[in-house]
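Participant: Starting from the two chains in their separate frames, assemble the complex, guided by the hints.
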Amino acid sequence: MSETLNQPTSTPVQLSARHLTRHFTTRIPGRFMKAKHVVRAVDDVSLDLVAGHVTAVVGESGSGKSVLARMLARIVKPTSGELDLEGTPIAVGARRTLDYASKVQLVLQDPFASNNPVHHVRHSLERALLLHGATKGTVDELARAALTRVSLEPPDRFLDSYPHELSGGQLQRVSIARALCVRPSVLLADEPISMLDVSVRLGVLNLLKGLCDNEQLALLYITHDIASARYLADETIVMYAGQIVERSISTALVDEPTHPYTQLLIASVPNPADPTSQAREKAEHTTFAVADVGCRFAPRCPYAMDVCRTSDPPDFTVGEGHTSRCWLHASEPEAVSEVAPPERRREGETTKT
Amino acid sequence: MSAERLEAPPLVDERSRSDSLVSPLPARSDFVLDVSNFSVVYGTGEHMVRAVNDISFTLRRSAVLGVAGESGSGKSTLVYAMTRLLRAPGLISGGVVNLNTTRSGDAGEETVNLVTASEKELRKIRWSHVSIVLQSALSALNPVLRVGRDFDEVLKTHRPDMTRAQRRERAAELVSSVGLNEDRLDRFPHELSGGQRQRIMIALALALDPELVIMDEPTTALDVVTQREIMNELQDLRARFDFAMIFITHDLSLLVEIADEIVVMYAGSIVERARANELYEAPRHPYTLGLLNSFPPMHGQRRELTGIPGSPPDLADLPTGCKFHSRCPYAMTRCRDEEPPLTSLGDSERSVACWLHVGGPGVSVPVELSRDATTKDRAHANGERP
Chain A
1 MSETLNQPTS TPVQLSARHL TRHFTTRIPG RFMKAKHVVR AVDDVSLDLV
51 AGHVTAVVGE SGSGKSVLAR MLARIVKPTS GELDLEGTPI AVGARRTLDY
101 ASKVQLVLQD PFASNNPVHH VRHSLERALL LHGATKGTVD ELARAALTRV
151 SLEPPDRFLD SYPHELSGGQ LQRVSIARAL CVRPSVLLAD EPISMLDVSV
201 RLGVLNLLKG LCDNEQLALL YITHDIASAR YLADETIVMY AGQIVERSIS
251 TALVDEPTHP YTQLLIASVP NPADPTSQAR EKAEHTTFAV ADVGCRFAPR
301 CPYAMDVCRT SDPPDFTVGE GHTSRCWLHA SEPEAVSEVA PPERRREGET
351 TKT
Chain B
1001 MSAERLEAPP LVDERSRSDS LVSPLPARSD FVLDVSNFSV VYGTGEHMVR
1051 AVNDISFTLR RSAVLGVAGE SGSGKSTLVY AMTRLLRAPG LISGGVVNLN
1101 TTRSGDAGEE TVNLVTASEK ELRKIRWSHV SIVLQSALSA LNPVLRVGRD
1151 FDEVLKTHRP DMTRAQRRER AAELVSSVGL NEDRLDRFPH ELSGGQRQRI
1201 MIALALALDP ELVIMDEPTT ALDVVTQREI MNELQDLRAR FDFAMIFITH
1251 DLSLLVEIAD EIVVMYAGSI VERARANELY EAPRHPYTLG LLNSFPPMHG
1301 QRRELTGIPG SPPDLADLPT GCKFHSRCPY AMTRCRDEEP PLTSLGDSER
1351 SVACWLHVGG PGVSVPVELS RDATTKDRAH ANGERP
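Read top to bottom, the protein sequences are chains A and B.
With the first letter of the first sequence counted as 1, position 284 gets the number 284 in my numbering; the numbers rise by one all the way through.
Counting the second sequence from 1 gives a position; my numbering is that position plus 1000.
Take the hints with a grain of salt, since some may be wrong.
[Claimed, not checked] Lysine to any residue pairs mimicking SDA-like chemistry, simulated, CA-CA at most 25 Å apart: (1) A:209 to B:1304; (2) A:209 to B:1327; (3) A:103 to A:84; (4) A:209 to B:1163; (5) A:209 to B:1329; (6) A:36 to B:1188; (7) A:209 to B:1311; (8) A:36 to B:1191; (9) A:209 to B:1306; (10) A:36 to A:79; (11) A:209 to B:1251; (12) A:209 to B:1293; (13) A:209 to B:1305; (14) A:209 to B:1301; (15) A:209 to B:1299; (16) A:209 to B:1224; (17) A:209 to B:1309; (18) A:36 to B:1187; (19) B:1124 to B:1163; (20) A:209 to B:1292; (21) A:209 to B:1300.
Note that these hints are calculated values from the structure, not bench results.
With the rest of the complex left out, here is chain B (with noise of 0.2 Å):
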């Protein structure tokens, strides 16, 4: 899409481009998150619900992982859940999730597990290593202060050493660097656009260049042009100042624009992970799949589309075997007694949960599950599916 997109280094590259960094110790880990086996519930005993169930996966450094899933995957209740501000009944039941705090110019190596951190790391850590952004700017900016207050109190915090000034001058850095007018610092919340609140969410996140920034539904509430505007900052300001991403949304056309690689949620499991392109091109799992064909295209012929059957499913009684199975078109015997595994294919890149795929030599694979990702047909650019 832009010529930073372009730039920014395929991930296979990472480990090699992270060595020849002019960092002294080699050794040095080039992930930013890595999480295994996360689980997360709401409420006990009887009336429990998995919201999160048994997730892994590790994010590394200026990697952009999308995680796209509907209202109830669980996909928000892990970025809480992983960063600690989860509350009651929300409880992590298990897992662990080490954060690599070493800076560029550190000696050493440092890794925190945040499940397991005292409130006094995680002050530490919030905000300077991991920030996030929220939907909605509205309710997450205090209504009765200039927007220039909240720039002011985080580097107070973290920053004791800045005067008044030095405060100053970073917060008008930060919000010309999203491409607002300094002078927006003195408007209150109201008296900003859903697109201009957005842009001081971002740039609030970036206040002490963190290197995980979480962006949680960052345009659902916004317009598709403002959306477009915020995305194309957001690849700008990745270029610049070179932070990790987890992105979270329903869009799952978006994400694969920004996205380096993207996890499909459903129900509380992920069920796909695959590189954005691929899982663009090749959706392996029939919900991805499904997902895909859910938004009608913008060129050729007007075509009735289906979409999903079905409703997305209630976490406190979920079906057995597959979650996706009373909604899956493929389903078999197997999907409704057994659940699958998160299986790697091939490499290790890409992973599918589904029976279609590690079913044996008895299951044979739809032909729409089994495209090959390099072979770009022209009915594919033009949004036509099989």
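If we strip away everything but chain A, and leave its shape as in the complex, we get (with noise of 0.2 Å):
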């Protein structure tokens, strides 16, 4: 907190990332040893993550959220880009130090997979805090404090369960907990509700909001529902092919979404309130049409106009805090002669292709 001096102190940026790029080449089935392919996973992103708020990270599978999460947890090596961690510059190519895993901690999705299963929840927890520094006389009240914080409470009764003992929803507390109990001040989590069942997902939800808001807790919140992020999240960036499209106030997102593929997201979520509003994107396109050249989204835009296909968009500003990647939006005026720009959606309102 100390080296943060430039910054204002209502908020804080505990971790910041500039340029994140990560590719990971492939090799072209068939052509042994020749040909390589190159899967821009993540591409030029920047994010702040600030004390007491939650970002939102939204996109589907393949989007590349989950290799940013890893990134900043820097259990992936980014390819190229800059690192911030409460002001200090990292460097990302070096090996990940216990410091740094101190102060950013990775919750992930599957609570079942993530915990040891042949391990009581005390051992979870008590191995973390050894490592990071805890005296064996503290880490059993370090440990009970830990369970208090996520309220499984008695900690007693969960201290010496097994993960089969626990629900998936006590288990995903137990995660938090264990990340939460080395005093961390980021927080990235990886889709941690999906894995849960329906009635215990807003429960973690409440939980990571109120850890964020009376611990100032910087949190990730990583997910493919959107409209979690719109409950939980501050700011709420969308993510398509490794590239940010979109990002704005959560609820400025999803209630006026400017990028077509925002907007097909958020048509996409069952909503029986308004059955009318519904995508209905036909034909059968590959779950991730991604053009080489232009912008990413454009083989499957209803909107792409010929400079979609030859030149990638840069961030336009649409609003306040509000940017969208997309050439609809650019200012000039023959860029968007053809298409006029996709109306702001009004609750209710359908999309029209």
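Facilitator: Rendered as structure tokens:
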């Protein structure tokens, strides 16, 4: 905290990522050792995680959101880009230090896979605490405190349980307790509720929100469920094919999406209150149609223009703190002459294609 | 949502609709599946777990029944047991499952009790009368066979008179009906995306034109955009092939869209049963209300939602009385001691198992559980609930 001299004290940026990029090289099947194919899993992503704020990253599977979380946790090394923890630049190419790990913690999707099935909850918690410098005499106390923080009370009931004895929601709380027991300033939650039962999801979301508000934790919430992002997050970032396509205040993003991909995402959410608003994207799209040149969403975009197929759009500012990576929002008149920008969707309205 | 949905006849008109068919037999019953007092247990003796408890429902022809519930509520066990796919230690402990196997051209009427049917009878019924689409298409398709072989084998077994070319033609027809290219038949499952695999599963399920297709969480593993495509595809297919469907999912908002009627299961029992829009607009059981409130709304003011406190029950150690009472905000003394029966409310279309509604004159029903389904106020359309 002491290094963040330039930051106003009200919103100290805990973790800041600049131009994070990760490319994976794969071999093209059948052409042994010759042709290589580069998958641009995350391309030039910048974001700030602010204490007490929730930032959501929304995207379909394969959009690179989990790779982004793993890069921020420094489990995956970025191809290029910079990381700043509490104002201190981090050597991203180097091995992750214990100090970094104690500041930035990751919670994974499946609590049954991320908790060792042959050990007690006590073991998982105490091992993390001991690694991060707690003494034998204090671990028990700290482990109890950690479970109490995630509302697993009384802690004694849970400390000596095995993962299979707990329900999914309880086990995910254990995962969160394990991440929090080393007092991190940044928590990265990679789809923390998608494996949980519907009735306990909100409990975990409210827990995360409470931790954020009360303990000034900076939270990155990764999800494919845009409704939960709207519920939990202050800012929402939409990713498509490794790029940020739209970012804004969560409510503004969902209520008035400006990027065609965001509009498609929102229209796809089951909404029984308003069954007319459903998108009907027809025909077989390869799940992941990504253009090599131009806008990556162009092959699936109902508004695609010539310019979209030739050049990659930059971020256009469409509102306060609201950017959209789409040529439809270019201010130059020739770029938008062919198709009018999609009307900002009001609730209940249909996006007609 | 779609034109097909709007054209689908409402449940109440089913009977008159089947009567008007060109069928020479007016007495022909309009149900495809009739389940009564069906129970399933796992294990025996003192370790016995009651997974499905005394369930009864009737599925009409061409109708969609949605089964909602969390993991452990017995929804998958119910359909596996009903179709006799359940393996030991699962055991059907009672009940009757009558499947109407009468085809539209058949004379007379034929029903089979699946619970007592022999393996030989079951082999005839499976796939040609009842088919099933499983959640994980990757583990349901054989990884070492091209998907075309799956189609070929089904048709070869059930339609031995078809030639190889006819089988191939039928397979091509099926995959194109789910919006895939014919060349997908020559691919291996790993070469297809999750959505494409699930479409293949749906096409396979329709291969023999069954009257009933069971969908066990077909879209749970998929993205929201792909899920939307599959759901649209299903609506189109139902309009074309006119099959009845049992759709299982934990996503109640998805069910409201596709199902005509929904049963909500909790700890192995049906706690509420209603037409889809009535269930959504006017839930009667506190659990249903809690489930509906567990989905953050897409519109309106951001407010704190609470979901349902506690965790889903352990079937091996169920509470006494109403199984939901420990998580229920409206629980009364009676709920702890006596289990409420599933009772119909007024009309026969809806029933609920809750003492609030059948408790007699001394019990007042909270306003959020007695809402009128017909008044669709604005706050409601915004996803807001009191």
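Participant: Does each hint hold? Answer for all of them.
Facilitator: Evaluation of the provided hints:
For the hint pairing residue 209 (chain A) with residue 1304 (chain B), the CA-to-CA distance comes to about 10 Å; that is within 25 Å, so the pair holds. Our distance criterion of 25 Å between C-alpha atoms is met by residue 209 (chain A) and residue 1327 (chain B), whose separation comes to about 22 Å. Proposed proximity of residue 103 (chain A) and residue 84 (chain A) is supported: the alpha carbons are some 12 Å apart, at most 25 Å. This hinted pair does not check out: residue 209 (chain A) and residue 1163 (chain B) have alpha carbons roughly 62 Å apart, beyond 25 Å.
In summary, the hint linking residue 209 (chain A) to residue 1329 (chain B) is supported, as the alpha carbons are separated by about 23 Å, within the 25 Å threshold. Taking the CA atoms of residue 36 (chain A) and residue 1188 (chain B), the gap is near 23 Å; set against the 25 Å cutoff, the hint holds. At most 25 Å may separate the alpha-carbon atoms for a hinted pair to count; residue 209 (chain A) and residue 1311 (chain B) meet this at roughly 20 Å. The straight-line distance between the Cα atoms of residue 36 (chain A) and residue 1191 (chain B) is roughly 19 Å, inside the 25 Å bound, and the hint therefore holds.
Pair hint residue 209 (chain A) plus residue 1306 (chain B) holds up; C-alpha atoms about 12 Å apart against a cutoff of 25 Å. Using a Cα cut-off of 25 Å, the hinted pair residue 36 (chain A) and residue 79 (chain A) holds, with the two alpha carbons roughly 16 Å apart. For the given pair, residue 209 (chain A) sits about 23 Å from residue 1251 (chain B) by alpha-carbon distance, which is consistent with the 25 Å threshold. For the hint linking residue 209 (chain A) to residue 1293 (chain B), the alpha-carbon distance of about 18 Å falls within 25 Å, and the restraint holds.
Of the supplied pair hints, the one linking residue 209 (chain A) and residue 1305 (chain B) holds, its CA atoms being roughly 12 Å apart against a limit of 25 Å. Taking the CA atoms of residue 209 (chain A) and residue 1301 (chain B), the gap is near 17 Å; set against the 25 Å cutoff, the hint holds. For the given pair, residue 209 (chain A) sits about 19 Å from residue 1299 (chain B) by alpha-carbon distance, which is consistent with the 25 Å threshold. For the proposed pair residue 209 (chain A) and residue 1224 (chain B), the alpha carbon gap of about 24 Å is at most 25 Å, so the pair holds.
A distance of roughly 17 Å separates the Cα atoms of residue 209 (chain A) and residue 1309 (chain B); the hinted pair therefore holds under the 25 Å criterion. Restraint check: the Cα-Cα separation between residue 36 (chain A) and residue 1187 (chain B) comes to about 23 Å, which is no more than 25 Å; the hinted pair holds. Of the pairs offered as hints, the one joining residue 1124 (chain B) and residue 1163 (chain B) holds, with about 20 Å between alpha carbons and a cut-off of 25 Å not exceeded. Distance check on the hinted pair: residue 209 (chain A) and residue 1292 (chain B) sit about 21 Å apart at the alpha-carbon level, within 25 Å; holds.
A distance of roughly 19 Å separates the Cα atoms of residue 209 (chain A) and residue 1300 (chain B); the hinted pair therefore holds under the 25 Å criterion.
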